[in-house]
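**Q** Taken in sequence, the protein lines are chains A and B. Using numbering that gives the first Met the number 0, read the first sequence as starting at 0 and increasing by one per residue. Using numbering that gives the first Met the number 0, read the second sequence as starting at 0 and increasing by one per residue.
Derived from the structure by calculation, the hints contain no laboratory data. Just so we're clear, the structure is a prediction, and the values are computed from it rather than from any experiment. Ideal Cβ positions, reconstructed from N, Cα and C, are used throughout, including at glycine. Take every hint as true, because none was put in to throw you off.
Here's a subset of chain A near chain B, in silico, CB distances under 10 Å, partners left out:
no., residue
1, 118
2, 698
3, 705
4, 709
5, 711
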Amino acid sequence: MTTRIFGSGIRRREDPRLITGRASYTDDIKLPGTLHAAILRSPYAHANIKAVDASGAAGQPGVVAVYTGEDTDGVLNGLPCAWLIPGSDLKTPAHPAIAKDKVRYVGDAVAVVVAESRYQAEDALEHIAVDYEPLDVVVSPKAAAQDGAPQLHEDVPNNIAFTWALAGGDTDAAFADAAVTVSDTITLPRLIANPMEPRSALAQWSAASGELTLWNTTQNPHIARFVTCVVTGVPEHKIRVIAPEVGGGFGSKIPFYADEAITAFCSMKLGVPVKWTETRSENYLITTQGRDHIEEVEMAATSDGVITGLRTTVYAGMGGYLSTAAPGVPTILHGLMYSGPYNIPNISGTVYGVFNNGAPVDAYRGAGRPEATMLLERMVDLVAAAVGQDPAEVRRKNLIPKFENGHDVATGITYDSGDYESALDSCLSAAGYEALRAEQAQARAEGRCVGVGVSSYVEICGLGPSQVAGAVGFQGGLWESAIIRFYPTGKANVMVGSSPHGQGEETTFAQIVAGELGVDVDDVEVIHGDTDTTPMGWGTYGSRTTAVSGAAITVAARKIKEKSRALAAHLLEAAPEDIEYEDGRFYVRGSPDQHKTIQDIALMANVAWNMPEGMEPGLEASAFYDPPNFTYPFGAHVAVVEVDPETGHIDLQRYVAVDDCGVQINPMIVEGQVHGGVVQGVGPALWEGAVYDDDGQLVTGSMLDYALPRADLLPDIEVSSNSTPSPHHPLGVKGIGEAGTIASTPTVYNAVMDALRPLGVTRVDMPLTPEKVWRAINDARNGG
Amino acid sequence: MFPAQITYHRAGSVAEAVQLLSSNEGAKLLAGGHSLLPLMKLRLAAPAVLVDIGRIEALKGVSASGGGITIGALTTHAEIASSDLVKQHAPVLAEAAALVGDPAVRNRGTIGGSVSHADPASDQPTVLTALGATFNVTGQGGDRSIAAGDFATGLLENALEENEVLTSISVPSVPSGAGSAYVKFPHPASRYAVVGAAAVVAVSGGTCSSASVVVGGVETTPARASSVEAALAGSDLGDAALDAAAAAVGGDLNGDPMGDVFASAEYRRAMAAVYVRRALGAAASRAG
Ligand SMILES: Cc1cc2nc3c(=O)[nH]c(=O)nc-3n(C[C@H](O)[C@H](O)[C@H](O)COP(=O)(O)OP(=O)(O)OC[C@H]3O[C@@H](n4cnc5c(N)ncnc54)[C@H](O)[C@@H]3O)c2cc1C
Chain A
0 MTTRIFGSGI RRREDPRLIT GRASYTDDIK LPGTLHAAIL RSPYAHANIK AVDASGAAGQ
60 PGVVAVYTGE DTDGVLNGLP CAWLIPGSDL KTPAHPAIAK DKVRYVGDAV AVVVAESRYQ
120 AEDALEHIAV DYEPLDVVVS PKAAAQDGAP QLHEDVPNNI AFTWALAGGD TDAAFADAAV
180 TVSDTITLPR LIANPMEPRS ALAQWSAASG ELTLWNTTQN PHIARFVTCV VTGVPEHKIR
240 VIAPEVGGGF GSKIPFYADE AITAFCSMKL GVPVKWTETR SENYLITTQG RDHIEEVEMA
300 ATSDGVITGL RTTVYAGMGG YLSTAAPGVP TILHGLMYSG PYNIPNISGT VYGVFNNGAP
360 VDAYRGAGRP EATMLLERMV DLVAAAVGQD PAEVRRKNLI PKFENGHDVA TGITYDSGDY
420 ESALDSCLSA AGYEALRAEQ AQARAEGRCV GVGVSSYVEI CGLGPSQVAG AVGFQGGLWE
480 SAIIRFYPTG KANVMVGSSP HGQGEETTFA QIVAGELGVD VDDVEVIHGD TDTTPMGWGT
540 YGSRTTAVSG AAITVAARKI KEKSRALAAH LLEAAPEDIE YEDGRFYVRG SPDQHKTIQD
600 IALMANVAWN MPEGMEPGLE ASAFYDPPNF TYPFGAHVAV VEVDPETGHI DLQRYVAVDD
660 CGVQINPMIV EGQVHGGVVQ GVGPALWEGA VYDDDGQLVT GSMLDYALPR ADLLPDIEVS
720 SNSTPSPHHP LGVKGIGEAG TIASTPTVYN AVMDALRPLG VTRVDMPLTP EKVWRAINDA
780 RNGG
Chain B
0 MFPAQITYHR AGSVAEAVQL LSSNEGAKLL AGGHSLLPLM KLRLAAPAVL VDIGRIEALK
60 GVSASGGGIT IGALTTHAEI ASSDLVKQHA PVLAEAAALV GDPAVRNRGT IGGSVSHADP
120 ASDQPTVLTA LGATFNVTGQ GGDRSIAAGD FATGLLENAL EENEVLTSIS VPSVPSGAGS
180 AYVKFPHPAS RYAVVGAAAV VAVSGGTCSS ASVVVGGVET TPARASSVEA ALAGSDLGDA
240 ALDAAAAAVG GDLNGDPMGD VFASAEYRRA MAAVYVRRAL GAAASRAG
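Produce the entire structure from the sequences given, and follow the hints as far as they go.
**A** Shown next, in the form of structure tokens:
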């Protein structure tokens, strides 16, 4: 009965309220007397601000206040960057909430109007006069790093915010000796995260108590409180951050933004609640984007396709400023994964983080690992083509053999457990790989362009040990904590510091407690997202919530079990060593009828009528869990495409995913995460890319132009899984939030290149839009 | 997305709509709102006055009328896609209506709004031009008719006077024995036509007796492919004839070429030939 709940695909308890529109998001919260902010945004990607004349807005209907950068000077501190990579010559130029002297991307805040209604505030924006002196613009991160490029920040030569280098083995020797070398330049377009709920902030300042309450669309309310303290100067214990329902984030709700600082500032100035909610257009302009990599990559191999070396130079666009976690994404979360699931003895890479005139770039689903997996999987396919072997076989011969407890790779990290070949085998067999190759040969004989793409991946999840966080410059910890509290009726609350926002942990966390303590899953309620009612935690991102927060819950549940055992022993007048536990019941060994249920224990602990000597009343436990290592989920994916050579259209016909995220708490949720993740990774392969023109204007500024994946363009996604438990996790789980996104971009890209190879096409930049594919086909035809 | 201040009127009749347009300078008609409201939310359009014609029953529905059908301006894409009368007299119009946007757009967007908006990426203007439809309008000066091919006068511009309302569209029946087709290259984001090709091909005695071919999405207004039509006339509509005819479309695309970050002008022109060929193939297979 109850314990079987752990590991079963029960429905997500959060769904009824979400899909019937009864969830309450930040913008749904109505406080009496709330005023509304609208923010004036720079129409220029790069310009000096000569003057701002806000006087015209002040007298407009409903307008209560207008503030510019001058007003926030000395009141608001700049927005901090919180991932300070050591040894990378990191520059952190000032990032004011409201720009005063210079704007660095279209959308940079220049002034704010507070009015009785948002409509009035928007109308009044049109009466603020700003005198801009436009400056030269640079968009490409590689171009921005060149001598003579327009400089965004005075003290940052060549716009290089940081230079991060990685070396393991002797790459130069590997390349000098290599029988085969392949190379390519890979562009990962900028991506717009597009959460269904735009960002929002509602700030309520109480002058009487000196307390600031901030409702905010954040993935990490405790970090938001920390940074709000840094930016506003309000002491941390007088700030309450509440993340009510949060409608998706995909990384874009990790950072702390100028907008929440401005909203808090306005409320503190005016002494009334102030709300700001992003429009979809603003979301496109100002909310952090993902990727923006130009990757120059080479791989060395033997003539038999054994990989001997990897070398990269990466230009990672940062946008106009360094966002909260930005420097960690193309470095720690990217370069350290260069070995992937393969034995690559020699690896070196240099990553330049470069300021460019676009929205700031930060973590986006997968964060760094999709960019690493893409370059690796592209190279492996090029090696396979160069040595004339099947790409699946080249992968197989390079995979790290099965290991159960630790494997070191050349980038200096230690994977926890892996069985990469089984994943590849499972995927090839699920896809019917041999038959697919036969069908492909047939199709080619008929002149059709059918392609099959394969990828193997391993990723880094469960961020991570706090000691490592410190060593890599992350300005926070990466542990999680949980409190489990039982009430007299046997029901329990679980309070966590992480902050699920669509992933389903209200369900899976209840399943963990149900599994550990034998209570009904419906008797456990999970509380998260409010710094006043939850213990400290570092948030939901990096596929870490179940891995780290779930471990904290497990440890706390086991503490509850031990106290319950002691109390049961007392009540049953037996020695604690003689008490057995099974399925929510504590009984005296040998006489299962003599038992106390967890509910009996909860009641007795709460009323405390009959406690053993020295035992505190109550049934509550808390745990702080700092993981000993990251977790490393992995898998293999296969895609089948057909290209229409007349138009360049790509039809994604099949997608087969085999993922191994260790032990699964809820397989249905795992499957859902894989579905969403795969689709999100197919996006940049085929359709998605934020395009800025040479003036730094966002050309794909709305859903009319920015092509998100659509259901009608996708096949059914065939999902299955293996299970290799993490050796160091109390439940053996690893994390599944990002896996699909990490694997699917290269899988689909490789499939398309496989389809185009007979036509002589060797490379096309992503996204593989029809015109680009059509041009590549024509160029190959014309070029010979 | 916060539109600027507007004054809203709901017209009870076409006459009232005309009167409201005449007495409010810069007033705009509001039908399904699926083209106008997005522009207003972006403040790219900011009409001071909106005249909502959305509830005028007289402007809704499809009826048979001598030799064809008449479609009220307020008839939605969804209604056209599922109308038996449309499927019987002008099946290509139903085929195209079913390809417009997504279900929400088809349930709200109207054919009158679609053609009046004169977006070159929209579907029905292309099809209606190929069908030789007539647009019936009412204004202060009375009623008049405008040929479909003359209605769009440029990018987002039409032939209506400030105070005129498009009331209905008369569509002649596709002759029996003729085949028709609309083939579309939808933009992956918006679903609007990057290129759309409409073809009506009549056959008599095994050869093509007449053809009407129009291309949308490439120029600022639907482009009639006269060279293609000429090449088809008298041909046997075999693969070779269709290939040759479709290839002639380049000669018909001499107006303002359109291009954007997704599809350049050059690519759209190349795709026009591909999509015309596909439309011809489908139409020819349905003819006879
Ligand atoms: C997401 C999305 C996808 C879409 N995809 C497609 C697509 O694939 N293909 C396609 O063809 N269209 C597409 N459309 C447009 C859709 O078909 C619109 O509904 C249509 O273009 C306008 O019809 P409407 O009734 O909404 O007009 P409205 O938005 O109400 O009006 C549009 C314009 O026409 C004027 N107008 C309206 N009715 C009349 C009238 N009777 N007389 C004179 N002027 C009038 C209005 O004043 C306004 O200027 C899409 C729209 C959206 C939002």
